[in-house]
Amino acid sequence: MKEHAVAHESSIHVVLKAEELWNIAGFPITNSLLMTWMTIALLVLCAFLFRNSLKMVPGKLQAAVEWLFEGVLGYMAETLESEKLARRFFPLIMTIFLFVFLANELAFLPGVGSLLWGDTPLLRAPAADLNMTLALAIIAFLTIEITGVAVLGFFKYAGKYVSFKSPVDFVVGIIELLSNVGRLISFSFRLFGNIFAGEVMIAVAIFFVAYLLPVPLMAFEVFVGFIQAVVFALLTLFFIKIAVMEPHGEEVH
Amino acid sequence: METLLDAFGVDWKLLLAQAVNFGVLLVVLWLVLYKPVMKTLDERAKKIAQGVEDAERASQKLASADDEAANIVAKADVNASTIVTSARTSALEEKARIVKEAEERAARLEKDAQARAKEEAARALRDSEREVARLSILAAEKVLTKRT
Numbered sequence: 001m002k003e004h005a006v007a008h009e010s011s012i013h014v015v016l017k018a019e020e021l022w023n024i025a026g027f028p029i030t031n032s033l034l035m036t037w038m039t040i041a042l043l044v045l046c047a048f049l050f051r052n053s054l055k056m057v058p059g060k061l062q063a064a065v066e067w068l069f070e071g072v073l074g075y076m077a078e079t080l081e082s083e084k085l086a087r088r089f090f091p092l093i094m095t096i097f098l099f100v101f102l103a104n105e106l107a108f109l110p111g112v113g114s115l116l117w118g119d120t121p122l123l124r125a126p127a128a129d130l131n132m133t134l135a136l137a138i139i140a141f142l143t144i145e146i147t148g149v150a151v152l153g154f155f156k157y158a159g160k161y162v163s164f165k166s167p168v169d170f171v172v173g174i175i176e177l178l179s180n181v182g183r184l185i186s187f188s189f190r191l192f193g194n195i196f197a198g199e200v201m202i203a204v205a206i207f208f209v210a211y212l213l214p215v216p217l218m219a220f221e222v223f224v225g226f227i228q229a230v231v232f233a234l235l236t237l238f239f240i241k242i243a244v245m246e247p248h249g250e251e252v253h
Numbered sequence: 254m255e256t257l258l259d260a261f262g263v264d265w266k267l268l269l270a271q272a273v274n275f276g277v278l279l280v281v282l283w284l285v286l287y288k289p290v291m292k293t294l295d296e297r298a299k300k301i302a303q304g305v306e307d308a309e310r311a312s313q314k315l316a317s318a319d320d321e322a323a324n325i326v327a328k329a330d331v332n333a334s335t336i337v338t339s340a341r342t343s344a345l346e347e348k349a350r351i352v353k354e355a356e357e358r359a360a361r362l363e364k365d366a367q368a369r370a371k372e373e374a375a376r377a378l379r380d381s382e383r384e385v386a387r388l389s390i391l392a393a394e395k396v397l398t399k400r401t
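Heads up: the protein sequence lines correspond to chains V and B, in order.
No gaps in the numbering here: position 181 of the first sequence is 181 in the working numbering, and each next residue is one more.
No gaps in the numbering here: position 32 of the second sequence is 285 in the working numbering, and each next residue is one more.
Each hint should be verified, as a subset may be incorrect.
Among chain B residues calculated to face chain V with C-beta under 10 angstroms, some are [stated by the list, open to error]:
1. F275
2. V277
3. V280
4. I390
5. L391
By construction, these hints were calculated from the structure, which means they are not laboratory data.
Even glycine gets a Cβ: it sits at the ideal position worked out from N, Cα and C.
Produce the entire structure from the sequences given, and follow the hints as far as they go.
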């Protein structure tokens, strides 16, 4: 178990965790961290190039980006039922999507997993490392909970989970509290599991037939990478919506 | 739990690094991408709204200008007809005055001519009477001288 999801010689080695390439003053630099930096650098570069070519009369690329932004913002405003909240959370949701999407798709570049540094792969899909998905999950979780407190107030928000109005309310509240914490796990493992499983599947396919057979699987994994980015961003949005909703007892039905 | 996290390679240093990575990306994209694009979108929306409003105002202005033009033409029509009427009236008056004056003058000339003719006739009569008298005196003188 000392190899990334790539077939070497005549066996399939699957490593669950990202591997350390270098250790700088006690800080481990792993292959997935390196790839994360590359992804971020690419996004930042594109953002700067794009900003410098912004025009009042848009070109095709600008029109496409604007269409995407306006569509997402419109959908968010519809979901959150507030233009103001939508504008506030748009950067977070959009960044989650862009980052996860690009990170997943860049993993299909040739060289990812196959370039070696010593005997460890130099690059690894960022989402195939639980550190990255868990960090994103924690950010999403904190955003959701803090938003709930900020919009509803601490006691009203806490009242959603700790309620003594009736035994049923109490139990429901506790279950909701647990499911909230459970999001940390579902968020991180969903993304990790999907991307990691995809890599393992492609590695297995390459082990059996190195040519052509992996192509449809890779096409499917490209799609999965997109879907997982959408799912992560959308679920964050929906949980924010749930967090800012008035508690059940006070809704008018 | 510890062994589970260990199996997945979860390390708080890496966790923190990834969180910081994402945070940096979020801030940079916010400043470099979302803000400028949103600003552009808002500006364009404002510009379009301004354009529509301007066009509306222009068409309103055009309509009111048309109204005004029609008003002015109507007023000018009324004015012109008053002017024509008054001109006609004054022309008629002038004509009447001129005709009357001419008639008066003609009458005066006629009277003058008659008076002069009468005078001429009277003078001719007087002259002829004097001539007759003078001739008769000459004749009488001739007769008287022949007898003697």
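Right, here's what the structure says about each hint:
1. F275: holds (6 angstroms)
2. V277: With Cβ-Cβ at 7 angstroms, under 10 angstroms, it holds.
3. V280: Nearest chain V Cβ about 9 angstroms off; hint holds.
4. I390: violated (133 angstroms)
5. L391: violated (133 angstroms)
When held up to the earlier numbered hints, the structure conflicts with 4, 5 and fits the remainder.
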